[in-house]
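Taking the hints as your guide, dock the two standalone chains into a single complex.
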Amino acid sequence: MATRELTPAPAGLSVMRPPRQGSASWPLVDRAGYWLCWATGVALCLITVAIVVFMLVKGISYLRPSLFVTSPAPSLQQSKAGGFFDPIVGTLIVTAVGTLIAAPVGVALAAWLSEYGRPSRLARAVESAIEIIAGTPSVVLAIFGLLVFSQSFLGFLSETASDGAVTGQSFLTVGVIMALLALPLIVAAAREGLSQVPDRMREASYALGKTRARTIRRVLLPAIRPSIAEGVVLGMGRIIGDTAIVIILLQLSVTKNEPVGSVPVLNILRGTGSTLTSYVFYNSPAGEGNAHQKAYAAAFVLLMIVLALNFAVIRITGGRDRAESRRRRLLRWLRP
Amino acid sequence: MLGALGAATLVLIAAMVVTVFIKAWPSFSANGLRWFGPGGDVDAQLRAMAEGTPLPSHSALYFRAWPLIWGTIITTVPAVLIALAISTLAAIFLTEFAPAPVRRTLEPVIRLLAGVPSVVYGLIGILALAPLINDHLISEARRKSVARVVQLEGADLMLAILILAVMITPIMVALIAGALASVPVSWKEGSAALGVNRWRTIVRVSLRTARPAIVAATVLASARALGEAIMLAMVSGGRGFAANPLDGVTFLFEPVRPLAATIAQEAGGLTIGPLSHTLYAIAAVLLVSAALLSFAGWAAKQPLRRYGIRA
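Chains as they are written, first to last, in this note's numbering: chain A, 1 to 336; chain B, 1 to 311.
Computed footprint of chain B on chain A; a stretch qualifies when at least three of its residues, placed anywhere within it, have a C-beta under 8 Å from a C-beta of chain B:
| # | segment |
| --- | --- |
| 1 | 46-54 |
| 2 | 134-140 |
Estimated spans, in silico, between C-beta atoms of each pair:
| # | chain 1 | residue 1 | chain 2 | residue 2 | range |
| --- | --- | --- | --- | --- | --- |
| 3 | B | ALA50 | A | ILE47 | 33 to 39 Å |
| 4 | A | ASN267 | B | PRO56 | 43 to 49 Å |
| 5 | B | LEU132 | A | ARG124 | 48 to 54 Å |
| 6 | A | GLN196 | B | LEU12 | 25 to 31 Å |
| 7 | A | GLN293 | B | ILE22 | 42 to 48 Å |
Just so you have them, the derived chain B footprint on chain A, three or more residues with Cβ under 8 Å:
| # | segment |
| --- | --- |
| 8 | 30-36 |
| 9 | 117-127 |
| 10 | 144-157 |
| 11 | 236-242 |
| 12 | 273-286 |
| 13 | 296-304 |
If you're looking for bench data, these hints aren't it; they were derived computationally from the structure.
It should be emphasised that the depicted structure is a prediction, and the values quoted were computed from it without experimental measurement.
Glycine included, C-beta positions come from ideal geometry on N, C-alpha and C.
Just chain B, with the same shape it has in the complex (with noise of 0.2 Å):
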């Protein structure tokens, strides 16, 4: 009976991929391979699907993504390198060096961070922290320089990258630690017995060992990242351009849309034709991306196994 339960729960999981992809099949066939591609302004594509009125010499489901997949990759790829930067040295500092009160306190605070919900993120980013971007570090000559083809109001790129970091680093920190921990003490001790220091052998042996596991924590990361919509569709701009990085300085106060939070953004228009499958393919998107990516942080742990390590 229990395992009629399980199968249910199968069933579910492949129905929810095959209604997703169905759904999502008009927007990829009329677009084809160009659905990922770059071509118009996406903001009047989405908004020409909306209000039912296809764009003058296309198709109603005429979409382009790459501005939107663009968004995703400058707010994610960033975001995970900052976090995998301080989340490793938050890691060592837990496990390692921390003393036992201080870890006490760090670990409720990690689990906090973690717990706190996006909307709070998204609150804080849009309404005190876009608002000090916008008078204090952005002049006006650089927002004349862009004013033409953008307008910069401090909910950006550099904002959605710095928050999303914060959201991701407890993860990664807690993943990371976890893999620490579990390196065996005589493995360090025969370092130490070497006369290495405490930090080579933390580097040399311990994050070596656990290498496999930040990997794949980088990963899982990645994925976290990736589905955020709610506090990137708060903060980012929602403007559906595709920042250019040889911009300098100006590119981090561009604004961006990622995939996930247009979904939420468009989310009015989801009993729309012409939108609704937009959506849903680029749901799509993210389902096979995101599993991907679960499927790649499994894979990446592989190795610890041989060392007998659980992480």
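Chain A on its own, in the form it takes in the complex (with noise of 0.2 Å):
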């Protein structure tokens, strides 16, 4: 056995890889390690098909096509209490703000971090300010964000009560604060991706002359543009999912959409409303509105929206992985 063991496996692979009858000569403790690895490796996938079968069940069960069309109404019958339509609205937008503040700033301080990286002090703190992003629970982030927005000088973002009190809550600050969310990702996967750029293209470029700023624009930017959207993506999953900064930054009762001021679009913006998330948890025993069945459906939605980016990032990252970096991306993904 030991000398199958050493045959030269194909280029990329352990030479470790195993005889498949490999634990049969082993000590019972060694063969029962090796069969509990079994165990939960088959029990994780049997968790998660549970989870997508039973939310599948549900979902389908509750789930009407007059939810997505009608919006959420106060009422005490499930039966008037409408629909989610508002809360499907309401988590595209928090999304689109939250990405499109989010993408740009992202990239950006990782070209400068990976590129430039000077002064190099300032370039370790600002590192370490992202690993505290990254870290800070989503709960903190939020009412941090109340603070901040409710400030006066900042009601243009919000409501201001006819008191002048600043509420502080709309779809801009909560998207301002779920772009905090995103960042970490999105500037990790920016940095990952340039850091796998050659240094023969970036010698490439400055021997025609570039600047390096031209170089980081033209040459560089291009050649990670994979990484990047899937660092977005990542992001995006992340928002979609997140509840606790919904359910501070936004009201917590779940009603219509209201836009705040006259200007189209940004009375939208300035307005409050709900996401699909704060919609769950609202309906859910642990809120007011209390309708099960609703959460249920509203739920299989939003795991549904999780499951397509989660494909859109194979789609992204694609076949052309060889499986070391395979392993570093799951990695980022789940960075903490």
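In structure tokens, the structure reads:
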């Protein structure tokens, strides 16, 4: 058996690839460990399948086409409480605002950190600052946002009550805080991409007389487009799934999205409303709506969006990865 | 110009830490270090602040957070330990034993498990699992034995720990698998050449080399578990009750109320003076703990650099 283990394996694979029946000669304890590994692997798959199938069954049995086109309405009767048209629109708005802010800022920060990194003290400090955002619980980010955006000089972002108090609650403010949530993912993905661009590409560009800034814009950024796209999609997933920021920076109750002011588009952004996550929370036993069937239906839609984003990432990263870099990707996807 | 953007990010983070602390200060200064200690019913204290009627013979900011801190500890620590065991085995499976087709299924599965929004986990927990626990696992005798202190209703510590463990497992699998995969093949070959079988090689060489990364993964996952608010607000029972491990099995069925979940549950009262100071104080504690854990995770990984391993 030992000789079989040492036969060279195909390139890129570990030499330790198992002969399938390999564990037969091992001591009992070692074999138990081997089977325990298999058992946990299978168990993880089973848990995921159970979650997806459970939500599928609940979702399909409670989902009605009318839920997608009617607005939520305050009513004690479930049949009159409307659907989740506004929450879906809300999710789209929040995701769009958050991504539009986080993507350019994230890519610019990544380019600066990887390509310039000077003054290096500042760069180190910014790196750790991004780490701190990545580790900050979203509920803390949310109440920090509430504190900042209820300052009177930022009143134009949200609604000002008649007594001059600024609510700080609007789709814009949610979007800005959501951007903080997505930022570390986008920065990490873009930096990983930049680190894989070979130096000869930069040198070739310099040799042609391009400045560093133009090299970044014309050579490096196009080269890492898939990495950026991946980071952005990961960030979108994080934004869509977050509840704490929405229930604190939009309202806790779920009604129609309420515009503020009269300027088109801006009035919706300045207004409050709900998203799918806050709709689920509101209609769960933890919230006030307490309409289980609608919570299941909305949660099912949410899960399907997350699944779709998952497939999008698989499409973007494509089959062009070797095993090694695939593992790195798995790691990046799950950066805490 | 890009440097200015970096500086702006830095200023923003500094402002976040500073403003949260300024807003939290009245609560800390009114209670002193006893803020962290036990003392009375924390639910009643929060309710009194929300209603603006201070408890008799206490100041408006009177607050003793111990039941909430204890609730955070007894949900986070067991969940992280369970996740540590599961994810170490799963990571070994993923990097060493899984045949290629199995690995190709397992990786997206783990990603999906990480991507499920916490509100969906919470919904499944409170609507599907809590009634199961309530109907089948909690006996009437057990319910009666603690009825004078607390009601057992299915949304409890056990559920919180289990779901939290499922939620943080994917992160830990990814971090540990990344470290195991970057252990130099020649080290494992050396062990195999000495006639050591694959399992022992994994335990004695790979796991031992990756140990700093495993510690780091554990610490980072604790930071994530610490900050989980929505799922815990839904399934933990939401009762500021310092569950007592000496209660034996009943302990698992007792409701808890972790720190982050409290902020989410009391979010409606963020405009009320004393309550908002208290909630920002909780946020400040979470912020500092999360930052310390991030730093500890970074520090724990440093020994790997010595081996020239990037993980």
